Structure formats: structure tokens, C-alpha cells
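There are 2 protein chains.
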Amino acid sequence: MIRWLALLAVPAAILTMPVPAGLTAEAWKLFAVYCAAILGLIIRPAVESIVLLAVVAMGSFILPVGKMLSGFGNSTVWMVFSAFLISQAFADTGLGKRVAHIMIGRFGKSALGLVYSAALTDLLLSPATPSNTARSGGIVYPIFRNVAGALGSEPGATGRKIGSFLTLAMYGISMTTSSLFITACAPNALMVSFAKNILKVDVSWIQWAVALFLPGILMLAVVPYIIYKLYPPEMKAIDNAEAMSKQGLAELGPVSVKEKLLMLFFGLAIVGWSTGSITKIDATTIALAFFSLCTIFKLISWDSVLANKGAWSTLMWYGGIIGIANALAGAKFFTWLADITAKNVQLAGYNAYIVLFVLLVVSLLVRYVFASMGAYVGAFIPVLFALGLVAQAPVLPLVFLISASAAYGCLLTHYGGAVGPVLFGTGYVDQKTWWKVGAILVAVNVVVYMTLGLGYWKVISLW
Amino acid sequence: MIRWLALLAVPAAILTMPVPAGLTAEAWKLFAVYCAAILGLIIRPAVESIVLLAVVAMGSFILPVGKMLSGFGNSTVWMVFSAFLISQAFADTGLGKRVAHIMIGRFGKSALGLVYSAALTDLLLSPATPSNTARSGGIVYPIFRNVAGALGSEPGATGRKIGSFLTLAMYGISMTTSSLFITACAPNALMVSFAKNILKVDVSWIQWAVALFLPGILMLAVVPYIIYKLYPPEMKAIDNAEAMSKQGLAELGPVSVKEKLLMLFFGLAIVGWSTGSITKIDATTIALAFFSLCTIFKLISWDSVLANKGAWSTLMWYGGIIGIANALAGAKFFTWLADITAKNVQLAGYNAYIVLFVLLVVSLLVRYVFASMGAYVGAFIPVLFALGLVAQAPVLPLVFLISASAAYGCLLTHYGGAVGPVLFGTGYVDQKTWWKVGAILVAVNVVVYMTLGLGYWKVISLW
Numbered sequence: 001m002i003r004w005l006a007l008l009a010v011p012a013a014i015l016t017m018p019v020p021a022g023l024t025a026e027a028w029k030l031f032a033v034y035c036a037a038i039l040g041l042i043i044r045p046a047v048e049s050i051v052l053l054a055v056v057a058m059g060s061f062i063l064p065v066g067k068m069l070s071g072f073g074n075s076t077v078w079m080v081f082s083a084f085l086i087s088q089a090f091a092d093t094g095l096g097k098r099v100a101h102i103m104i105g106r107f108g109k110s111a112l113g114l115v116y117s118a119a120l121t122d123l124l125l126s127p128a129t130p131s132n133t134a135r136s137g138g139i140v141y142p143i144f145r146n147v148a149g150a151l152g153s154e155p156g157a158t159g160r161k162i163g164s165f166l167t168l169a170m171y172g173i174s175m176t177t178s179s180l181f182i183t184a185c186a187p188n189a190l191m192v193s194f195a196k197n198i199l200k201v202d203v204s205w206i207q208w209a210v211a212l213f214l215p216g217i218l219m220l221a222v223v224p225y226i227i228y229k230l231y232p233p234e235m236k237a238i239d240n241a242e243a244m245s246k247q248g249l250a251e252l253g254p255v256s257v258k259e260k261l262l263m264l265f266f267g268l269a270i271v272g273w274s275t276g277s278i279t280k281i282d283a284t285t286i287a288l289a290f291f292s293l294c295t296i297f298k299l300i301s302w303d304s305v306l307a308n309k310g311a312w313s314t315l316m317w318y319g320g321i322i323g324i325a326n327a328l329a330g331a332k333f334f335t336w337l338a339d340i341t342a343k344n345v346q347l348a349g350y351n352a353y354i355v356l357f358v359l360l361v362v363s364l365l366v367r368y369v370f371a372s373m374g375a376y377v378g379a380f381i382p383v384l385f386a387l388g389l390v391a392q393a394p395v396l397p398l399v400f401l402i403s404a405s406a407a408y409g410c411l412l413t414h415y416g417g418a419v420g421p422v423l424f425g426t427g428y429v430d431q432k433t434w435w436k437v438g439a440i441l442v443a444v445n446v447v448v449y450m451t452l453g454l455g456y457w458k459v460i461s462l463w
Numbered sequence: 001m002i003r004w005l006a007l008l009a010v011p012a013a014i015l016t017m018p019v020p021a022g023l024t025a026e027a028w029k030l031f032a033v034y035c036a037a038i039l040g041l042i043i044r045p046a047v048e049s050i051v052l053l054a055v056v057a058m059g060s061f062i063l064p065v066g067k068m069l070s071g072f073g074n075s076t077v078w079m080v081f082s083a084f085l086i087s088q089a090f091a092d093t094g095l096g097k098r099v100a101h102i103m104i105g106r107f108g109k110s111a112l113g114l115v116y117s118a119a120l121t122d123l124l125l126s127p128a129t130p131s132n133t134a135r136s137g138g139i140v141y142p143i144f145r146n147v148a149g150a151l152g153s154e155p156g157a158t159g160r161k162i163g164s165f166l167t168l169a170m171y172g173i174s175m176t177t178s179s180l181f182i183t184a185c186a187p188n189a190l191m192v193s194f195a196k197n198i199l200k201v202d203v204s205w206i207q208w209a210v211a212l213f214l215p216g217i218l219m220l221a222v223v224p225y226i227i228y229k230l231y232p233p234e235m236k237a238i239d240n241a242e243a244m245s246k247q248g249l250a251e252l253g254p255v256s257v258k259e260k261l262l263m264l265f266f267g268l269a270i271v272g273w274s275t276g277s278i279t280k281i282d283a284t285t286i287a288l289a290f291f292s293l294c295t296i297f298k299l300i301s302w303d304s305v306l307a308n309k310g311a312w313s314t315l316m317w318y319g320g321i322i323g324i325a326n327a328l329a330g331a332k333f334f335t336w337l338a339d340i341t342a343k344n345v346q347l348a349g350y351n352a353y354i355v356l357f358v359l360l361v362v363s364l365l366v367r368y369v370f371a372s373m374g375a376y377v378g379a380f381i382p383v384l385f386a387l388g389l390v391a392q393a394p395v396l397p398l399v400f401l402i403s404a405s406a407a408y409g410c411l412l413t414h415y416g417g418a419v420g421p422v423l424f425g426t427g428y429v430d431q432k433t434w435w436k437v438g439a440i441l442v443a444v445n446v447v448v449y450m451t452l453g454l455g456y457w458k459v460i461s462l463w
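Heads up: the protein sequence lines correspond to chains Y and R, in order.
Heads up: the first sequence begins at 1 in my numbering, then just goes up one per residue.
Heads up: the second sequence begins at 1 in my numbering, then just goes up one per residue.
Please keep in mind that the hints were generated in silico from the structure rather than gathered at the bench.
All values derive from a computational prediction rather than experimental measurement.
Idealized CB from N, CA, C, for every residue including glycine.
Accuracy of the hints is not assured; some may be wrong.
What the hints assert, rightly or not - Derived PhoX-like pairs (lysine-lysine); straight-line CA-CA distance at most 25 Å:
hint : chain 1 : residue 1 : chain 2 : residue 2
1    : R       : K309      : Y       : K309
2    : R       : K196      : R       : K298
3    : R       : K436      : R       : K161
4    : R       : K200      : R       : K436
5    : Y       : K309      : R       : K298
6    : R       : K246      : R       : K229
7    : Y       : K298      : R       : K343
8    : Y       : K436      : Y       : K161
9    : R       : K109      : R       : K246
As the list claims (entries may be wrong) - If you want the footprint, here are the derived chain Y segments under chain R, 3+ residues with CB under 8 Å:
hint : region
10   : 49-55
11   : 66-74
12   : 84-91
13   : 293-302
14   : 321-333
As the list claims (entries may be wrong) - Restraint-style ranges between C-beta atoms, simulated for each label pair:
hint : chain 1 : residue 1 : chain 2 : residue 2 : range
15   : Y       : I14       : R       : A243      : 21 to 31 Å
16   : Y       : E251      : R       : R44       : 49 to 59 Å
17   : R       : P142      : Y       : E251      : 34 to 44 Å
18   : R       : G253      : Y       : P421      : 29 to 39 Å
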């Protein structure tokens, strides 16, 4: 209750101050509401959706209610929401499981092969599953968790046999695939939205995929190996991988019509997303159409859609925060903030690499206080992008550097992304190991993105 | 599948026609999408939400996706959605049950007294329960259904003892209270939205309540009595009403803090809604704040919010249809339609009473084809309002006449409103009786609204 009062007190305190020169009264009110939203995401007096709806309600007493609700009609929010629901089709039809079993049969003869099977499966599913919790935590991981169990490795005494390794590796994999496509992870769409409204740059689906492809795939190859070296499983060879794969596939039976349809729609969606900048068909349109096809052909039932609590929660609080943040950007608040900062602090004029590096490090350090990736992106990225404007950081490198780090930054803690609690909760890995290995992986990522990443983006003329 | 193809073929056919003179290309495209939406609501190839999302997806291929999604940020949609969720607080806290048991104790000594207890309970809850399914079907009816069971009246041989009467009366009551407040029934908010966009008239919460009060309360008094006469229960006196009430209240225990809080918030919300035209606080703001308070003080848990499938379905398809219809209105389609009709058919110049009567009868006749009140309002009201424009019907009387009939028109069939299937599904009442009594009740309503209603509205200067 005290936390709720704080949420009321902070905007009230801001509103009693005079409106700073250069800002409209509306922008100042919006800023007060925005502070309440950010504070709410950090101190979390309740789940994000309740916090955001309460802030929207509060805000609509001092601002037009239509403006407070505008985020719910935002196309970015709907891209995430519909693709979030599509994730379910991969679970419901069994296609996700099938891919994993095929991979285990092909590559599962060693512990390292097994995690690369998981990586490949996660990668294949990632373009259309922005619920990385559903993808990695709900589809891919459970299968490999069962494999560990079948190999006699359970949390506790037998954990280090293979299960602990698989669990930690899955987290590393998930937080690498999550940055590969806009549609691989929900907060990426938030990032695009802020890039458009604050940095004034439109990032298309295909541009994102191209920019993140090279460093992302490299990290996907490297991350499991680093974990293998830092936290090796006792069991290196797996004799009965083929048998397990066969049994799994036998249980699934022949490929169903629904699975075939899902593969078809999935293929069409990827074609649609990757040609969007030519065809001018919005990525949200593709996601909505994909989702509609899934419901029309009953790959997902409406009841299971309604039961998908994660999707509805995401719709609620993304809609809330995007609406407020975009209204604030529209009222030129971030431009004003950047101007004020530039007048008072000398940030411009430094070498672009140094600026980007400092911003990157700052963005990673704050991660320890954020309990979810979405909260971090929603609350911190507008401020970070405003700082980037002041420091005159090259825009597209900034967006992609920060976008990648938003995902791999989750590795620092076990609560950084929603997949974390799912995997950590199994009890296979202790917190100290989790944080230690995470910090090392993040350091490697920083080095790779600051060198190979920035270099590659120069080669493909992003700056 | 054929029905889905029809949904694709109709807009395609419209788009192949040349754009009529006086309309923009965008308006014509919107009209094609709107036709698909209406057709979808009538032939229902799937539940409304799937249909509307599919139409939105289809529409966003030919129109900006932001325009197609705009309804999801519409404040009317959010008023309905938040108040819909509030309904749950009355069920969860037990306050709804308590009111019903108190009423049974006071007035339940006869069969007629019992239905008036139900009517009063439903009336008391109606200002904040736009889910009339939750209110009448979920809170009030189950208690009276149990009373019938306790009195030895079950569907079948013993039905006519009292259960059949209570069931049919509950439907009549629900469809009367539903028109009393904007927030008494979800489609009322749609009506207000169309009135604003097509008839260019703003209807406030208090104006609606005042306009519908007199005829509505009269009908609430009359409807149970008519049913009592047409379809009398065998058991007229109820000896153990007080005992049943006491037992019910004993089971609920003392009034909880949560119930007290709910009463407080409920009181504040009604004050807020009824003074909205003075304080300039939007009705949606009140609903959002009420809902937020319910979640902050845990009168409703977020899990039960997420499990409230009716609310999410309503958000989805109301958001879809309101977005499309408002965009169409914004593109001046309905003005154009009215102009064209006026040029070709002589509708203006008739006596206002005749015009209103004809429109009312038309609006009731079409009810037999609509499977829900929301579908009827969403699909048919824009056209009816456009006809009203052409016929130069007095605006506010038209709005209130049609708003009342939207609710009582449900009585014509057992599928007219969502409460219908709930009550009809008990098996207490046969379809023939249901339709026959319904038709008589509708006729009485028409007479009352055409005489007393229009007269009263003249006295309070609505025309």
C-alpha cells in the first residue's frame, strides 16, 4: 500500500513544480504520469498490467483519456500480441516438439550436440515467437529437460551430470535468439517504437534481421561452447540419443495437416516480413493475418487464446506504457530533455565508439534493478535514447547495439527475462553460478558487438 | 470454410466496383471491410472475436493498419471493458449475493415478491455491471434458481411450480434494467459512440440515465406482473422465504471489508458518472479508476481478470467493430449514404411520430436474425441512424427509443442477448412460450415508449 502511495506522490510532486521553460503544460503532465509508470514498473506494487492500468486511470484525470489509451491501438503492440498468440500454435500442434526431436536425432550424440540441437530448434522457431517464454521455456526446454531426466540427471546430486548444463545453456541460447528478429521477443517491438518516436528512425523487420544476423549467429555458436567450458556436464557422450528421438517422434505420430498448415503459414509470414519494405505491407498486418489464419484453420482455438494469460498481460501493459511514452515523445519531451542536457553537460563531440560503449555499459549496469526485460525496455530505453541524441551517437548502431544487449543483458541475473524464472526455478543451477556465468557471457557479447558488430554495420552501411 | 470465403468474396466484389461519386477511395475500401464485418457477425463462421480480428487483418492489407486498430484505443470500448471486469467484484466479494438474500428476506413472501426482489437486486447492481450476463445470469439468477430448487421446482414436471416463472421473469427484468444506464449493458456504449459519430450528438451518462429513468422504472414494475399473469407460477405464497434469506446471509457471514470497499467505490463511481457533465471527468476515467481501485485493494485478483473470457472477447470484437465503423463515419460515408438515400427516396417530411415508429418497428423485426445484442447494435445501428438522418427524425428521441429497444428487443428470442442462452439453457421454459411472452412484452414496451417515453422526453426538453 505504501508503494501505491509512492506512485501517487511522485506525479503529484512533479505537478506542483512549475512547468519548465520550453515544455507545454501537457508535456509536463505526461511526464508526471510517465514517472509514475516507470516507478511502478520498478517497485511493482502489483503485476505490470495492474500498475499500468492504474497509471492510465490516474493519468486520465489530468489528460484526455483518449490519449492515455492510444497505446492500445498501437500497431507495434498488436504485432507483439498477435505473434505472441501464434507461439501457442507451435505448442498446440506439436510442431515445436517435432522439430526438437528431429534435432536430437541428428545432433544429439554428445552433450554439446544436444545443446546445439536446442539452439537450432530455438533459432528455427524464433522468427514467429515473440513470447520467448513460450518458445524457450514452454516448447524447447521441456523436451531437453525430459532428456536430462531420461539420462538420470535430476536437480540436486545428479544435476551436474547433464541437466544443469542444459538448463543454463538454454538460457544463454534463448537470450541470443531473442535479439535476432523483431518478432523473436516482445520488447524488441517496443525498441522499434521508441527508435521511431525518439530517434526518428524507422527500422523494418528485414533491416533488423540483417543487422543482427552476423553477430547473433556467431554468438549462438559461441555461447553454448563457453558454457560447456565454464560449467561442463559430467556426461559428454549420449548413446541413446537416436532411440530417444525415435521414441519422441513415434509418440507424435505422422505429421498432421495442422502442422503442415502451420509450416506453410510460418513460411508465408517470414516471406511477408522479409519483403515488407518492398511490398509496403506492415509487419503488424502480416502478424494479424498469420494469427487469423491460425484461428480460422483451428490451429489455435479461441479458448486457448483466451487462456493465454501472458498474451493478455502483454497487451495490457505494453499498450499502457507505449501509449504514455509515445504521447510524451509526441509532446517533444525527449527532444527538450536532450536539449537541456546538451546545454548543461558536455556530452557531444566524443568519439562514437566511446559514446556507444559508455551507453552500452550504462544500459547493462541498470539491469540488476529491473525484474523483466520488458520493464527495462519500457522504462529505461526512452531515457537512454534521449542521452544518445545528446551525445550524438550514430543512430542505427545505437539501436542495434542496445537491442542486442536488451536480450543478452538478461543473462546477468536469473530474473532479467521471463524465461529466467522458468529455468532457474527447476533448481538445476545455483544462483552464484548463474550470475557468474551470466556476467562472463555478457562480457563476451559486449566485446563481440563492439568490434565485429560495429564493424559489420559499417560494412553494410548502417553508419 | 464456405462462410469464410463469403467473407472474402463480398469485400472483393465491392472493391471491383468503381468508387461512387462523392466518396473517397478510402471510404469505399472501409465500406468493403465494414460489409465483411457485418456479414461476419451475421453468418458467424467463428466467434465474434475471431471474425473481427480476421476482418481487421484483411482490412489492414488495403488500409493503414493503425486505422484498423484504432478502435482498441477507443475510450468507449475501455469503459465497457473496465466496467465489465468490475462486474466480477460483485460476484467475487459476495456483495451481489448478499443484496439478493436481503431482498428475499424483505419481499420474498410471495412468488411475485420474489421476482420483485430479483428486479430490485438487478436494478441496484446495474449501474456498474455492463456485463448483464454476469449480473443477471451470473449473480442474481443463480440465487433465485436455487430458491426454486429449494421449493421443489426443477426443470420438467415441477417447473411450472415456480422455477419456470422465475426464469422467464429474470430475462424480462434483465432486458429492462439493461437499458437504464450506459453502464448497465455493454452495447449501450456502442450506441453512444454511433450517436456521436453519425448523429453528431454527445450523450452523457447522466443524460442517458435521466431519459431512460421514467419509462424504464415503469417497465421494471410492469414486466414481472405481465409475466405473472401470462405465465403464472402454481405456487403463489412462499412460507419459508425469511428462513432461506437468513440461511443465505448466515452462509455469507458478516459484511467483509472488501464488500464495504466495493460499496464505497460503487457509490463514488455513481457520483462520478452522474456528475461527469459538470466535473468534465470522462465516464471512461471513472470506470478505469473504479477498476484500478478494485485491483489495488484486491477485490478482484489479476488472475480472475485474466480468466474473465467474456471481458476479453468483448474488448476484442468491440474494439474491432468500433474502429471500423468510426473510421467509416469519419470518412463521411454515412453522411453520403444519407444524402444518396434522400435524393432517391422521399423519406423526409413525415410526422416525427410516424418516422420514429417505423424505424422502431424495423429495428425490432431485424432482431430475429441477430444472434446477440452486440452484433445487432454493431452491425445495424449505423445504418438505422443513417436512415434516421435521412428521415429527419428528432435525434435524441431516436437515440433513446432505439437504445431501449436494443435491450427489450432481446426478449423476442432466446438468443437475442447473451443472458438468453444462460436462462433458456436451464430447460425451465419451452421455446414457444419464451417467444410468445417475449413478443407480448415487446409490444407493451413499444406502446409505452411511443407514448409515455416520447411524451416524457418532450417534457424534459430532449426535443
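Hint check:
1. R:K309 x Y:K309: 11 Å, holds
2. R:K196 x R:K298: 35 Å, violated
3. R:K436 x R:K161: Measuring from Cα to Cα gives roughly 20 Å; hence the hint holds.
4. R:K200 x R:K436: Roughly 37 Å separates the two Cα atoms, so the pair is violated.
5. Y:K309 x R:K298: This hinted pair holds, its Cα atoms lying about 18 Å apart.
6. R:K246 x R:K229: 30 Å, violated
7. Y:K298 x R:K343: Measuring from Cα to Cα gives roughly 47 Å; hence the hint is violated.
8. Y:K436 x Y:K161: 20 Å, holds
9. R:K109 x R:K246: Between K109 (chain R) and K246 (chain R) the Cα gap is close to 13 Å, so the pair holds against 25 Å.
10. 49-55: holds (count 4)
11. 66-74: Check passed, 7 qualifying residues.
12. 84-91: Not satisfied, violated; 0 residues make the cut.
13. 293-302: holds (count 3)
14. 321-333: Answer violated; 1 residues pass the 8 Å Cβ test.
15. Y:I14 x R:A243: 21 to 31 Å: 59 Å, violated
16. Y:E251 x R:R44: 49 to 59 Å: At 36 Å between Cβs, range violated.
17. R:P142 x Y:E251: 34 to 44 Å: 43 Å, holds
18. R:G253 x Y:P421: 29 to 39 Å: Since the Cβ atoms of G253 (chain R) and P421 (chain Y) sit about 37 Å apart, the hinted range of 29 to 39 Å holds.
In summary, the numbered hints that this structure violates are 2, 4, 6, 7, 12, 14, 15 and 16.
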